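The chain contents come next:
Number of protein chains: 4
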Amino acid sequence: MKNIMVSLSKRQSINQIPTEMVERKGTGHPDTICDAASEELSRALSRYYLEHYGRIYHHNVDKAVLVGGRVEVEFGGGRLLEPIYLLIVGRATMELMSGKKIERIPVGSLTLDSTQQWIKNNMRFLDPSKHIVVDSKIRSGSIDLQAVFDESEMAPLANDTSFGTAFAPLTETEQLVLETERLLNSKQFKQKLPEVGEDIKVMASRLENEIRLTIAVAMIASLIPDKDHYRNIHEEVRNQVADLVVKTTPKNVSIDINTGDNPEKDSYYLTLTGTSAEHGDDGQVGRGNRTTGLITPYRPQSLEAACGKNPINHTGKLLNVAAQIIAKRIDAEIHPIEANVYLLSQIGQPITEPQLANVELILENEAQFNVAKNDVEAIIEEELDSLPSLWEGILNDYYTLF
Amino acid sequence: MKNIMVSLSKRQSINQIPTEMVERKGTGHPDTICDAASEELSRALSRYYLEHYGRIYHHNVDKAVLVGGRVEVEFGGGRLLEPIYLLIVGRATMELMSGKKIERIPVGSLTLDSTQQWIKNNMRFLDPSKHIVVDSKIRSGSIDLQAVFDESEMAPLANDTSFGTAFAPLTETEQLVLETERLLNSKQFKQKLPEVGEDIKVMASRLENEIRLTIAVAMIASLIPDKDHYRNIHEEVRNQVADLVVKTTPKNVSIDINTGDNPEKDSYYLTLTGTSAEHGDDGQVGRGNRTTGLITPYRPQSLEAACGKNPINHTGKLLNVAAQIIAKRIDAEIHPIEANVYLLSQIGQPITEPQLANVELILENEAQFNVAKNDVEAIIEEELDSLPSLWEGILNDYYTLF
Amino acid sequence: MKNIMVSLSKRQSINQIPTEMVERKGTGHPDTICDAASEELSRALSRYYLEHYGRIYHHNVDKAVLVGGRVEVEFGGGRLLEPIYLLIVGRATMELMSGKKIERIPVGSLTLDSTQQWIKNNMRFLDPSKHIVVDSKIRSGSIDLQAVFDESEMAPLANDTSFGTAFAPLTETEQLVLETERLLNSKQFKQKLPEVGEDIKVMASRLENEIRLTIAVAMIASLIPDKDHYRNIHEEVRNQVADLVVKTTPKNVSIDINTGDNPEKDSYYLTLTGTSAEHGDDGQVGRGNRTTGLITPYRPQSLEAACGKNPINHTGKLLNVAAQIIAKRIDAEIHPIEANVYLLSQIGQPITEPQLANVELILENEAQFNVAKNDVEAIIEEELDSLPSLWEGILNDYYTLF
Amino acid sequence: MKNIMVSLSKRQSINQIPTEMVERKGTGHPDTICDAASEELSRALSRYYLEHYGRIYHHNVDKAVLVGGRVEVEFGGGRLLEPIYLLIVGRATMELMSGKKIERIPVGSLTLDSTQQWIKNNMRFLDPSKHIVVDSKIRSGSIDLQAVFDESEMAPLANDTSFGTAFAPLTETEQLVLETERLLNSKQFKQKLPEVGEDIKVMASRLENEIRLTIAVAMIASLIPDKDHYRNIHEEVRNQVADLVVKTTPKNVSIDINTGDNPEKDSYYLTLTGTSAEHGDDGQVGRGNRTTGLITPYRPQSLEAACGKNPINHTGKLLNVAAQIIAKRIDAEIHPIEANVYLLSQIGQPITEPQLANVELILENEAQFNVAKNDVEAIIEEELDSLPSLWEGILNDYYTLF
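Those sequence lines, one after another, are chains S, Z, R and C.
The numbering of the first sequence is my numbering, which starts it at 478 and goes up by one.
The numbering of the second sequence is my numbering, which starts it at 478 and goes up by one.
The numbering of the third sequence is my numbering, which starts it at 478 and goes up by one.
The numbering of the fourth sequence is my numbering, which starts it at 478 and goes up by one.
Source of the hints: derived by calculation from the structure; they are not laboratory data.
Keep in mind the model is a prediction, meaning the values are calculated, not measured.
Heads up, a few of these hints could be off.
Any copy will do: because identical chains look the same in the list, a pair fits if it lies in one copy or spans two.
Derived DSS-like pairs (lysine-lysine); straight-line CA-CA distance at most 25 Å [unchecked claim]:
{"hint": "1", "residue 1": "K597", "residue 2": "K669"}
{"hint": "2", "residue 1": "K487", "residue 2": "K850"}
{"hint": "3", "residue 1": "K578", "residue 2": "K742"}
{"hint": "4", "residue 1": "K742", "residue 2": "K577"}
{"hint": "5", "residue 1": "K607", "residue 2": "K597"}
{"hint": "6", "residue 1": "K728", "residue 2": "K479"}
{"hint": "7", "residue 1": "K669", "residue 2": "K704"}
Excised from the complex, chain S in its bound form (with noise of 0.2 Å):
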């Protein structure tokens, strides 16, 4: 019982309407560094109880709350005056059996570490044990929850009704606010300009055929000695962004970068860490992007946080993935002008048995509805049936979920 229901849309795409609006918030953005801790503690339990116990136990540390520190900041460099403060909450599967031995899971050694870890692989200018105090309140999993967990044989029950969302393919605009951000935070940007900081916000709006594109960018104070290097930065982003969006459309896109600062005040986004979250900017877990990578108002979205959910039953997790699986599949295998998917789970039935699994085609010839329709849905039986492994793509970082 998949309640499987492939639609022909008759509505416009979304590039035959006016307009559109986009955002991408980045590596360094306080939501994402919520986001990250969650993720990296589910995977980090996760691996945990593979490695010991050959399965993974019930766990939900989909809630963080990040207080932002304070610094000061000027051309060369800075200095913190409070550190950040982040708080990871949710519950975990805290003693097992082995034989007749109770063992004791290290949760509260995992979540430092794991945060701390992707910190320090993320973050070049962010001190995992300077600027940031990492404390946690998770507490051992309600009773009942871990009934329905662990009962399962076969597929396992779905521990909530929770909506999956995706879209593909993606327009120009979504691509360009996507890249952009990939771009300016990818290796090889960092080593040609290291001033650039991990909390990148990319903002698009397009009206017809004009685009506008506005990045917030954290600088990196102690690499940046004066305003005329921040000048030459700030025209060095443009520049290369100005590449990027010749290679992804040709659409008119102004590039407004830094639109906060105030030169006549002396006024400049700049960071000793490369993370707003240093000075007065709090996070959450699942305020962010979606597992599209993106916020975009126009398109389905899904409010669940994927991040921290475990990823054997939490179908706010799963199908928000499995969304985006199907979503891509059917762009690459059909290519229709847009499909949506839309994927609801039914509370305590196998995660394979959703109560609803929509796509919406947009179709150029519609005459090829009633081929395309079988194609997607044998599309979507395959990866509802997948969702049982799903998992294991999750811990090996296949997928998107921020």
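Since chain S is already given, all that's left is putting chains Z, R and C on it; use the hints.
Below, chains Z, R and C without anything else, positioned relative to chain S:
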């Protein structure tokens, strides 16, 4: 420069497409409690600033995390093992000059009082001094943002580039979800059926003319002596919702209540306090309902948390409320089949001058578009111009925020 | 093997030496609040274990830290800016087997309740739900210590090597300090002079026959409309203490009250809640009065915190209470000029078998020593033998712990 | 007005009485870690204020609580389950005017850095970024106290009425306790026997000429592969201490090491990090050694925590250090059998003018008292006059604080 764009959409209305998915998290849901706590604090701060200094000062308290408690419940009652822990996070103006005297704002005290007051007013069985520990980490605001905030004599300047979205009218499915929760959490209903707790989650999926309504209702254990009583309440809730269904839609509606229950295992959705936060369910701000009161993946959705942001220049709040007002006025005055509103602010520019203000209309008679366009433009313009006084309506609780 | 040693001291009694210094921190002092919160929690746990399982289980909650709040006060009233924050720390047995069922102990709930109850009973103007946030970090106990704890059918085994000390009788200076605080915090006194808050610190120094009594009294701002009223209360307190002085000692006693006041700067010791914890004064467990009720640098003193330790095998608690009992009995039965009691436990040995139990006696007539020695040895032996049931008296509040 | 009182004591010296009890908590004891963290923060703040503003500003960080972690250890190694949590609490001057500019003091950053640095310098196996979460709640100081603090051009005014005590010379028992810990925690010893961790607690009781020395030594599990190795280390520690005993005292000394061990149950005092804080042992400031480096119930003892208080006007710190200096000078210059020093400050009066400064002397030849008295008075006067510059020696680590 309001960058208004009214467009005629040729797509099917949501009523014409074969599927829909809609959700509402009720008053007592852990995410809703976080939303409410943040918003109540913002209002308490706003009122305090107004009363003492004649204007609202910078604050942003749009982050909070709730760590679920632990209880033991059974038919007839239960007991708290571990209280809920709620940490409210943000920034506020902590000190102000009055003449030559520095005066301190009682931020900590307002936090505790406003949260406890909301709980007292909204949760009959959650004792704010016994069942929940309310903590806070609210630091003084970032100086840069305060600058943006303070300098305006005219319209305040947008604090960020952020989205506001809304749509109207509601579909029958959407109405049903919204009104089901409103009914079950109404005073009259609680008088009749006090056994029904405040944590009510309503989810609907529509497939053509079939609506499946899934309702999770936290029952009050102390008022329910046994299974029979539980079954009766369960049945009575179904009946009441069935009555509502009849008034709301001619479609076929199946009603599932507490599908997570497992009578064979004697497992029922019983609570001590009326919220799942008491046992293992954590929460955050901005993870629940949009300013429409709903979660609607088939509809335009902003990911901004409206709650807790200041009502003066935080466009993540203002534009979502304004979009809602605009959508409702268009619905009432123009009667389109559908109106979708998308607003996008520009950081550092007056809040009255967004980067883009787009309304998509679906009209029965497309010939009316030119007239409608003018009317809608006028509505948008009027409401954007009213943004600098929108805070008054927010403080007076005229608008739904979650 | 009790290792009892009764010795005759040839030194001058404390009354003969020319100087003395004595202090008592009253009910509302931040350190006393911490002591009380820890001890109340230990008792609540003990009662819970007893009631449900017939015996007291391992716990140790002898650490807490209080972070002072912030207020604004003036004659006639005041307001809270930031609540007090109290973090109670320790270990407790969290789960117990009842038949084949694991049962959970409501540690978090007991913590909140017992602290709030103590505040309600002891602090008239400190509202436990408005003025203080009570948080806790109580983890499940160390397995090793539980082992020591659990295996005893006979006398419990000492958890540590630790000291207990006491002395008797009190000097006049000591009596004066103790009774001054007891008087000012008595119910009768509060009825007459409700303006006198609970945070009362009494300090005395004696130089030959001159005693200087320094009293700091937190006054209740809301009950004191102006300076005149304050002065009257100040005078009334002095008069009452002067009456007590006359009854207690023929020595010359000067009385200084609120010497920190600075009328020229309009600075008075006014409080909203009756405790300096409301504004900047932090606290901890074990930093205030010993089990004598006093701080007495000229006298034997243990540094162990008696509060919060479990009353079964924590010798840091038991030996201090027992030393006090022994000293009082010796005083009542033998009438020495002075008796000093020193007990030292041996980790892992029965609590009834200390490493050393020493009493020093100063006698008027040294010839009586041999008789006295036998009597004292008997008293010590008896009281050591009673240690396994000392918890009953502790739970029934027979003994001063702070 | 120094209120100096030198008195001749006719009592027996501590060496003449038949019993003694002495304790020292070593470097790695949870209470000592709290003492160190508080004191290091006070010094870091003091240095910062001095360097940037030429004087030390008000602060008081003499409260902290450590929540023990959780580990699993066995011969050969172990692993951390839950990190230690350390909360440092207090007051500090957070902002200062430099010209017309408000400058912020990096209190949070200094807290983290100074604690981590101390750990690195003192605990070989406790990784400050992996094994411990260092949090803080440090608020800006009470305005009233700052007033007392700021107005002095002359000697600072005492912040409180508080005691300082000391004595000299040390008895052999005291020396033995102090030096045993100092030996086992010396660099040379760690090079020879790295297996010996830093958490060393030494307790001695003397009965006539028999001293019983009880030593608890946290062993480093990773360096001890098996029981045999443990036994060898155990034996080697005993031998080294036995050598020390021979040099220190002719009395009979029994040495008990890790008496909590239970070989039958395979229970040994093994640690991952060298401190019992890793597993269940909590800590606080001011609960360990006095400024003598010892806990000595038979001796004068102040209950003030010297650590963390500011070194300018906090008499709870200054008078304890000064008492220690005075006692040592008297010992060196006058050679009494015993000298006991008691100082008591008067709140609001210059720190150089205590309420009472008493020294009790026990002299071999009482005829010398008159001469000695004059000398001692001169020493007291000199040292009291030096109090306003005592902070320099404290910052330079000339004095033992714990």
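Could you place K607 and K597 in one of the four classes (within, between, both, neither) given a Cα distance threshold of 25 Å? both (12 Å within a copy, 14 Å between copies)
How would you classify K578 and K742 at a CA-CA limit of 25 Å: within, between, both, or neither? Result: close only across copies, 16 Å inter versus 65 Å intra.
Since the copies are identical, ignore which copy is meant and state whether K669 and K704 lie within 25 Å (CA to CA) inside a copy, between copies, both or neither. For K669 and K704, only the intra-copy Cα distance (19 Å) is at most 25 Å; the inter-copy one is 57 Å.
At most 25 Å between CA atoms: does that hold for K742 and K577 within a copy, between copies, both, or neither? Result: close only across copies, 17 Å inter versus 68 Å intra.
Between K728 and K479, at a C-alpha cutoff of 25 Å, which is it: within one copy, between copies, both, or neither? Intra 41 Å, inter 22 Å, cutoff 25 Å: inter-copy only.
State whether the alpha carbon distance between K487 and K850 is at most 25 Å within one copy, between copies, both, or neither. both (15 Å within a copy, 23 Å between copies)
When no copy is specified for K597 and K669, does a C-alpha distance of 25 Å or less occur within a copy, between copies, both, or neither? within (20 Å within a copy, 36 Å between copies)
In the structure shown, no violation is registered for any of the earlier numbered hints.
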